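Colleague: Be aware that the sequence shown starts at 1, since it is given in the working numbering, and climbs by one per residue.
One should not assume that every hint holds.
What the hints assert, rightly or not - For each label pair, taking beta carbons as the anchor points, the in silico distance ranges come out as: (1) A174 <-> G113: 32 to 38 Å; (2) Q50 <-> S218: 33 to 39 Å; (3) P180 <-> R90: 32 to 38 Å.
Derived from the structure by calculation, the hints contain no laboratory data.
This one's a predicted model, so the numbers in the text were calculated from it and none came from an experiment.
Note that CB positions come from ideal geometry on N, CA and C, so glycine has one too.
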Amino acid sequence: MSTPPIPIVVYGTGGHGRETMLLIDAMIASGAPFEVLGYLTDDVALHGTQVGTVPVLGDASVLAARAGEIDVAMGIGNPRTRRAIVERLRGQARAFPVLVHPSVPRFDRVTVGEGTQLHAGTILTTDIVLGAFVILNRHVDVSHDCRVSDWATLAPAVTLTGGVSVGEGADLGARATCIPRVRVGDWSVIGAGAVVTRDIPDGVTAVGVPARSLGKVS
1 MSTPPIPIVV YGTGGHGRET MLLIDAMIAS GAPFEVLGYL TDDVALHGTQ VGTVPVLGDA
61 SVLAARAGEI DVAMGIGNPR TRRAIVERLR GQARAFPVLV HPSVPRFDRV TVGEGTQLHA
121 GTILTTDIVL GAFVILNRHV DVSHDCRVSD WATLAPAVTL TGGVSVGEGA DLGARATCIP
181 RVRVGDWSVI GAGAVVTRDI PDGVTAVGVP ARSLGKVS
């Protein structure tokens, strides 16, 4: 007797939400046991419409009506917004599954937390810890002994060399690079193309080569 598929929705219809749906589609094509129901969003104007061919079912009330039955994938790129929505959905979602694109190779001693996403082309080597609800977007390269904390977002083509620590909720822009053993502080923002050559404090925006702080995140 075959196991029934797991119903899943994507919360968020913006750019990252649509990319998350593509990730799930790729996983299903490779045998993942999901059945896509549609999108959820807080934008009432989108309820009852479609994004591509996928329906927008409504908001969190859809989950409340079927509490504990539906998996939720977070299609929200902003770390603070993602955290706030997850906190609202606790107790309604069946689970927040780890999503791994079929192109991502499997290496030894890589720990991945709840709700984390590894998009196409991501590379992870060994002795790596990824927290919960982390996003590693397309072609992110994470080297040995790195730690990426809960809620962090790494945009496409970010590179973490050995022993880098990325703090909770940090947001690293496209093609940002961290040299070995630096730390990016909690809830800090690193600009696209920046090169982090020294530790970045908590809660600041840093840009440039080498990356320099512009002050507190607004």
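Colleague: Take the hints in turn and mark each one as holding or not.
Modeller: Structure-based check of each hint:
1. At about 23 Å, the CB distance of A174 to G113 disagrees with the hint of 32 to 38 Å.
2. Checked against the hint of 33 to 39 Å, the C-beta distance between Q50 and S218 comes to roughly 35 Å, which is consistent with it.
3. Range check, P180 to R90: Cβ separation about 37 Å, and the 32 to 38 Å hint holds.
The structure does not agree with numbered hint 1 stated previously, though it agrees with all others.
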